[in-house]
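S.K.: If you're matching them up, the sequences are chains A and B in order. First residue of the first sequence: 1, per the working numbering; consecutive thereafter. First residue of the second sequence: 1, per the working numbering; consecutive thereafter.
These are calculated hints, taken from the structure and not from any lab test. Among these hints, one or two may not hold up.
[Stated by the list, open to error] The calculated lysine to any residue pairs, modelled on SDA-like cross-linking and capped at a C-alpha distance of 20 Å, are:
1) A/K52 to B/K162
2) A/K48 to B/E246
3) B/K162 to A/E157
4) B/K213 to B/Q23
Protein chains: 2
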Amino acid sequence: MNTNPIGIFDSGLGGLTVARAIQKILPHESVIYFGDTARLPYGNKSPKIIKKYSLKIADFLISKGAKIIVIACNTASALALNEVQKHVRVPIVGVIDPGVEAAIHATQNKRIGVIGTVATIRSKEYENKIKATDPTMTVISQPCPLFVPLVEEGWLEGAISKAIANIYLEPFKTENVDTLVLGCTHYPLLKPLLKSQINHKIALIDSAEPVAKKIFELINTLELQSNSHSNGTLSCFITDVFSQFETIAERFLEGPIADVTTVDFF
Amino acid sequence: MNTNPIGIFDSGLGGLTVARAIQKILPHESVIYFGDTARLPYGNKSPKIIKKYSLKIADFLISKGAKIIVIACNTASALALNEVQKHVRVPIVGVIDPGVEAAIHATQNKRIGVIGTVATIRSKEYENKIKATDPTMTVISQPCPLFVPLVEEGWLEGAISKAIANIYLEPFKTENVDTLVLGCTHYPLLKPLLKSQINHKIALIDSAEPVAKKIFELINTLELQSNSHSNGTLSCFITDVFSQFETIAERFLEGPIADVTTVDFF
Chain A
1 MNTNPIGIFD SGLGGLTVAR AIQKILPHES VIYFGDTARL PYGNKSPKII KKYSLKIADF
61 LISKGAKIIV IACNTASALA LNEVQKHVRV PIVGVIDPGV EAAIHATQNK RIGVIGTVAT
121 IRSKEYENKI KATDPTMTVI SQPCPLFVPL VEEGWLEGAI SKAIANIYLE PFKTENVDTL
181 VLGCTHYPLL KPLLKSQINH KIALIDSAEP VAKKIFELIN TLELQSNSHS NGTLSCFITD
241 VFSQFETIAE RFLEGPIADV TTVDFF
Chain B
1 MNTNPIGIFD SGLGGLTVAR AIQKILPHES VIYFGDTARL PYGNKSPKII KKYSLKIADF
61 LISKGAKIIV IACNTASALA LNEVQKHVRV PIVGVIDPGV EAAIHATQNK RIGVIGTVAT
121 IRSKEYENKI KATDPTMTVI SQPCPLFVPL VEEGWLEGAI SKAIANIYLE PFKTENVDTL
181 VLGCTHYPLL KPLLKSQINH KIALIDSAEP VAKKIFELIN TLELQSNSHS NGTLSCFITD
241 VFSQFETIAE RFLEGPIADV TTVDFF
């Protein structure tokens, strides 16, 4: 029983969808969120630099008392989870495993699609973990480097977004997948667009809820629950306040963002 | 007369077009190029963080003996040129002034368009400098946040790129501009695309050549010419070697990239 916060980090603000899902299922828990906005995006950077950034951020969250850390960034989960786990003493949860479990649970024809950043897809983490769980699965992966800028630009619909989605989704149509993993925290905002450009029966797997469920279980199993009776708080730390910060943050959070601190490290 | 190198920096690799233009016009000069690939892009970040990064990079180029520094990044030129000038003792050249001069020289109807990153357009540097030179000029500016990812993705043509360009270029058609400043080092690669989506009589202003001419003049005026009779070298320093590094570098350089060192600072 402790009131220490749950630490969450992402390269930017997309991980706020995970923060929101966790606070929904665990309303008495406080959350500290770290968005590395001075160095985003991670998706086109090297494994070496992503590991370096992730370790520094984990240290920061620990210094703020985090009792558990969620790597809400798919790219950092794919490339730095093991290093962060070796580096700190609190439990670390990435977004890949919960997404993999949800996808395996959802598929009926054992044909799963994965979309993500260039770095995430190159890491083959989703593919390897799905096949390690069930070698009879077929996995088709597709990097979608224009999706993050589309979301940041706010082009969640319209002819251009549809055309881009149509190109990226083409392999999943020809390969007849029935389940598509949204392997980036930005992509859930594109759900209506993706549904309009692909067979509507395809299950879209957003890891925010599976991650929240995993945290719920872990917090209970490890007896790390908050003993507070009031609602938890959300404190945000970011490395750069850029011009559209609030607009984008509130798009992911689906509500106002209040407690924001800029931190300067590296 | 000295063989010290010309220092050039950019958030990424786009400034290699400037390096190439300088080496073409000043073949005996050596160039050291710094691309901040671990923190790119700058175009969606805050003025404060862009200044911080620029000062650190200028210090690095000075430590490598740079006799003159070119800020090849439009965003850093717009937001950090003054700070860098105050901070170091060698001459500093940005890409905005040469672009402004070339645009004013090119326009006949005094209606100039400017495209750039969100941060460059928000800074109003192009607009203010054009109007400071000639208050009778009309300037129409448009941020184009999807153009950098389009170039990095290699989508320099095709239906999607055309549609995106068409949306961004719309204001320049209705406002009847006759000159368009390409206010980002990535954009010259989009010249054929832009020409296909806009009145082909519009002059496209790419600052690489005007910057190279300015450096040529400065080097001669300040008597900083190299006394070497052999061709100069190009040494690249980058903060992260990402997966598509060589492909993208060679796209800008229009040739092979040889001498590359990864540096780790911040």
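S.K.: Are the hints correct? Go through all of them and say.
M.R.: Right, here's what the structure says about each hint:
no., hint, result
1, A/K52 to B/K162, "38 Å, violated"
2, A/K48 to B/E246, "17 Å, holds"
3, B/K162 to A/E157, "17 Å, holds"
4, B/K213 to B/Q23, "11 Å, holds"
This entry does not satisfy hint 1, going by the numbered hints stated previously; all others are met.
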